[in-house]
Amino acid sequence: MKDKILYGYAALFDSPDDIINATEKTVEAGYKKYDVHSPYPIDGMPEAMKLPPSRLGYVALVVGLSGALTALLLMYWISAVDYPIVIGGKPLFSFPAYVPVIFEVTVLSASIATVLAMLFIFFKLPNNAHPLHGTDYMKQVASDKYGLFIHAEDEKFNEQEVRRFLESLHEKEIIPVYYDENEIAFKPRLLEPKFVMYLLAVAVITSGATYFTLNKLLYMVPFNWMMEQEKLTPQSTSAIFADGFGMRPPVEGTVARGEAFYPYKNMPEEAGNYLINPLPMSKKALMLGEKKYDIYCSPCHGYHGEGDSRLRGQFPNPPSLHSEKVRNWSDGRIFHVITEGQNAMPSYSTQLNEEERWAVINYIRALQRALNAREADLN
Amino acid sequence: MDLAYQKKYLPTKITVAGYILLVSGFLLSVVGYFTNLERSAFNNIILLTFIISVGMGALFFIGTEYLSGTVWSVPFRRVVEFVAASILLVPFIALPILANMGYLFHWMHPEVVEMDELLKSKAPYLNAKFFIIRVTVFIAIWWLIYFLFTRNSLKQDETKDQKLTKTNTRLSAVFMPFFAITITFTAIDWLMSLEPHWFSTIFGVYYFSGSVLAGLATSTIAIIFLSEKGYLVKGISQDNYYSLGALLFAFTNFWAYIAFSQYLLIWYANLPEETFWFLERWEGSWMYVSIGLIFIRFVIPYFGLLSQPSKKDPKRLVVMSFIVLFAHYYDLYWMVMPTYAKDGFVFGWIEIGFIILAAGLLISVFSYIANKYNMVAIGDPKLKRGIDFKL
Chain A
439 MKDKILYGYA ALFDSPDDII NATEKTVEAG YKKYDVHSPY PIDGMPEAMK
489 LPPSRLGYVA LVVGLSGALT ALLLMYWISA VDYPIVIGGK PLFSFPAYVP
539 VIFEVTVLSA SIATVLAMLF IFFKLPNNAH PLHGTDYMKQ VASDKYGLFI
589 HAEDEKFNEQ EVRRFLESLH EKEIIPVYYD ENEIAFKPRL LEPKFVMYLL
639 AVAVITSGAT YFTLNKLLYM VPFNWMMEQE KLTPQSTSAI FADGFGMRPP
689 VEGTVARGEA FYPYKNMPEE AGNYLINPLP MSKKALMLGE KKYDIYCSPC
739 HGYHGEGDSR LRGQFPNPPS LHSEKVRNWS DGRIFHVITE GQNAMPSYST
789 QLNEEERWAV INYIRALQRA LNAREADLN
Chain B
9 MDLAYQKKYL PTKITVAGYI LLVSGFLLSV VGYFTNLERS AFNNIILLTF
59 IISVGMGALF FIGTEYLSGT VWSVPFRRVV EFVAASILLV PFIALPILAN
109 MGYLFHWMHP EVVEMDELLK SKAPYLNAKF FIIRVTVFIA IWWLIYFLFT
159 RNSLKQDETK DQKLTKTNTR LSAVFMPFFA ITITFTAIDW LMSLEPHWFS
209 TIFGVYYFSG SVLAGLATST IAIIFLSEKG YLVKGISQDN YYSLGALLFA
259 FTNFWAYIAF SQYLLIWYAN LPEETFWFLE RWEGSWMYVS IGLIFIRFVI
309 PYFGLLSQPS KKDPKRLVVM SFIVLFAHYY DLYWMVMPTY AKDGFVFGWI
359 EIGFIILAAG LLISVFSYIA NKYNMVAIGD PKLKRGIDFK L
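Heads up: the sequence lines are chains A and B, in that order.
Once you know that position 295 of the first sequence is 733 in our numbering, the rest is easy, because the numbers rise by one and skip nothing.
Once you know that position 334 of the second sequence is 342 in our numbering, the rest is easy, because the numbers rise by one and skip nothing.
Worth double-checking, as some hints may not be accurate.
[To be verified] Cross-link-like lysine-lysine pairs, in silico, DSSO-like; alpha carbons within 30 angstroms at most:
#1 K654(A) with K528(A)
#2 K488(A) with K323(B)
#3 K463(A) with K323(B)
#4 K470(A) with K398(B)
#5 K488(A) with K128(B)
The set of hints was computed from the structure by calculation and includes no laboratory data.
Keep in mind it's a predicted model, so treat the numbers as computed, not measured.
For reference, chain B alone in the conformation it holds in the complex (with noise of 0.2 angstroms):
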């Protein structure tokens, strides 16, 4: 196979901005923890959410290629290992979490269960012992997925042995029941526990629906700067770009979907133990919070992807892709801080100092990646095919 790729480095400024963001959000959040250690810890699990959805929704975009067989997202497989790879920094944006668990989930509190008759009932699983086990087995499971697949990937670049497609292949059958399952648990405990008189059974299937496209449109965005910039092969098309556009698109109405089921189902039963959780979302000024979630989940990225052009115009996509990551963050904002703050929503230094970590954490993991192995999977038998992708 003649492939003209030849490894390119991605430009210092780059590496320095990643580092510098990184730098100035890490201390930012420091200080937060100083000033104020409750409203820090929330931001916290905001953005350990926000880490965790971008790195599970590309290993899911991997697994889903690797099991539909599909080819048109071969030439860019690789930058998305790349995304994946933030899943790595999950255990150290919990640990500060895990220490200030008590600020957080008043399940915590043995005093505050003995006299609450709903958490003694919930307390098999919703204790400290429990949900530290939980979180240590499902990191282990993702690093253990993320190893396999870049492993077995990179090899192939060395060997262009076919048989590790196959391979990969049969690890995502085994990671989708396991992805499903640990990605229902991860929003249960960390989002939904924040609120542990709170229910909702399709609470999972919702975060999973964000996690997706904050892991696309992440992706998406990595991958038209490189592919625009020549870091990657020549020949990937309007077809390939339009087939995330699509996958965007798609799943920003499955996330309506989802969250307008739950938002109905909510509202018609009308019981007091799970309408709280809206009312709270439309307190004071939360109520401009919850009506931008609409708008910028929603309605934005749908009109802006609706057309064929937007999805084929690299530069249109990418400004979707941002609208569309940042929509995740904001989700997960509304999702969490009501908990911390009931009158209206806050935003400060603090939140602006969370958010610059999240784009540090990011770039500066994918640039360190990506300047360590070949940004295309030169050995995959699917690339030629992925390259003269036609619609």
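Extracted from the complex, chain A is given alone in its bound form (with noise of 0.2 angstroms):
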């Protein structure tokens, strides 16, 4: 108690009208180190105090406008640029879908900016002490009083002065405020035990119901209503066929769209003979082509077709690609093969679609000149 510091002079008034004449009679007095506290925002209150405009608008304008088009660039670089989906239909960069979105972050990010300029600008944030804190003249402005405040830093600031003038606006209730050094000095300790218990259990509290709520309260009666559906999933049985199974196949002879029926059915030498490879030995075909070997044929066949598979004898090793037989043959009759299997190798016709089969042709036609280089290819 013995080095309690003046903060300042504090007077309450019991209305609005009588807290704007107070403000005014104290800028007339050229005090400048004041403030004013209600508790509510008193209109007419920033003129009283002859404030400037405040700019606190700005924050809100710019950030808000950044949110808008932060969100505005985050929905086109997802479903147009990085991930694009059709969804109903809808070009891949829809606007009126991204307005809901770009509305709820512009008003997110511009609520937050404001209250958290507000904090920082003028509660000095990090600092969360202040010797008003917990005083009566706080609570009683917190509650239906109007308070003024005169701070000892003011230039003007002179203990009789200020108690009289404060006494000429006609008010009695006049509180000096003292603050002490360990006060302001004082510095928060993060191991206290204290503080690691209440964070202890607020970490335990907000997993526990975290886990509760998605493991168990959402598979409970009502929550799980909306899973119990009259359809069938996947890999379920049905009672409707006779067969028992859920999933029906294509009607027979469906063509897959933009496929088409393939005629050569166990006939690999006509197949050899009339298909033709459409696709150019472009850069593109040949991208396409290594990306799909590599991720169809390259675990039995070798990243580089010598037949060396990366699967450990697990399945038996196919012949190298790289054979005078497979080099002789036609695009059409690898074609075949890809289409309709051969001895232990399925057909790909369901992972591979016509063009990506013959991309892969592609590739593996680079793959052996590679191995295989004439003469004119080393100038």
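Can you join these two chains into the complex? Each is in its own frame, and there are hints to help.
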């Protein structure tokens, strides 16, 4: 109690008109470091305090607009660039669908930024202690009184004079506010047992509640009602069909979109003679071929087509793709093998569409050329 | 209570201007009916729904004032009551439409309904008899509410009886559900049934948001004109105007929210029975009208009313109110006319005639009623607080 320092003088008023009047007098008297506290914003106070128009609105404007732009770019990038999926037949860049997101992000970022700016600029946030905290004065202006506070650091501050000035405003309730050095110098200690215990309790409760909600609560009545649907899920059985399968094969003779009917079933020689590779030896085709070859062919045939399987004998190793036989095969003949399969190799027609099969063939040709280069290639 | 209110009469200029507009608009629309009946009937629907909007918007404003115990609007509530008087015009505007319903609503023709599965199932609701019953009942409800509101309010001028405020508050509580139902079905009957295959569940709210704006904008124009020229009591300040501006701003945003919600859902679901309504409004030159609607109805009023000074300055507020009022007429035109002109928008002397008629009707009814009664509710117990109102 020994090092009490005077922080300033406060006076309490009963009505908003009184406080506006008192504020105007304070400005007239030339005090600079003073503040007004009230339970709610009083219209006309900025004018009485002769404050410049608040610039907080610009924070909202700038952050709100950047929020809008960020949301727009994010939505654009997600749905049109990084993971383009056609949804409901809409164009990849469908502005109307983005509007709700843009709107929400704008409002959210603007309001959060405004509150944070206010906390940081006006209340100097990392500092959470203030000499007025916890005083009777603060308690009263937070309920039904209007307070005027003159700071001791003001150039014109003089204890007697300020007291006389506040009395001249017909105010009887004049409160000096003191603070002690410890209050300002106080440093929070993170490893205090009480604080750590609280932190631990909050962590346990939060994670427990989250676990319960996501793993138990959502599977209880009534939250599980949406899961109980009158429909067949993949791989489930069905009493409707004679064979008991829920999943139905396509109707006999169905041809997938973009794919022609394959006329050379069980006719490898004809396929070799009549099928013609429609793809040029372009970089695009080779890139596609490499990608598909590495995914579907390389596990058995090896990355370079030498038959060096990565499957360590779990599956018989295929012969090399660099053999005289395969090199002299036409593209159509290889296409037939990929489409129909051969010996232990199954058909890859479901994994690779026609274009991809031809691209893989182009890539195989490039691999073969790499091991059996012609003299002309040296130039 | 010492209120320096003295009854002043509106300048004859305004009354005369009102009658000139009324007569010329009336003549133009009559000639329109003789030259192009169908087109005039469609314009008549725009006029009707516009007048209903202004009247119902004003009644809604009065009801909200009583229910919420608002004080800032009390000094000019009587002006809003005058604006609400336009609800009295509704049956006279509706008559020419009721006589020509066959040209407007194709659910009117039994041979069309017979061929159309959808219309057949809607027939219990969409038939001429029930339509006319609904319209009559709604108008009766509106007239009743209007007469009760104004009778109590005017009686209070003489008796200063505070109980009348309580009576009107109770009346407002009764009125609100009726307001919600009648305005929804008005929108469905007059506007949505022009395309009887189309449906939008938010349509009633859409019309409601525009109606409140129309009522507010008309009231704001009248209030600021009367108050600045000294026809009302002294002491109506920027703070009162600010509140009017804030309501205009809020409902402008509300309209945009509702309009976008309607569009987004229909666009997303992409069902042919819903999307055709918007596709029609994107056909040919209608596209420009649709784009214009976004600007006139939302973008311009939004930025025009955004800042605090623009809501406090009477001149700017009046300009914005005129834009909002015009935007409502524009919106109704956008909702109604594509059914008549499928290929592109039409705008000629018939449309201008009906706009002149709308202005004439509003001004002459207002000036007639305003000259008859006190322009300030001098008996209202909240009047003093309303004049002293500070934000």
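Cross-check of the supplied hints:
{"no.": "1", "hint": "K654(A) with K528(A)", "result": "37 angstroms, violated"}
{"no.": "2", "hint": "K488(A) with K323(B)", "result": "26 angstroms, holds"}
{"no.": "3", "hint": "K463(A) with K323(B)", "result": "34 angstroms, violated"}
{"no.": "4", "hint": "K470(A) with K398(B)", "result": "27 angstroms, holds"}
{"no.": "5", "hint": "K488(A) with K128(B)", "result": "70 angstroms, violated"}
Hints 1, 3, 5 from the earlier list are contradicted by this structure; the remaining hints agree with it.
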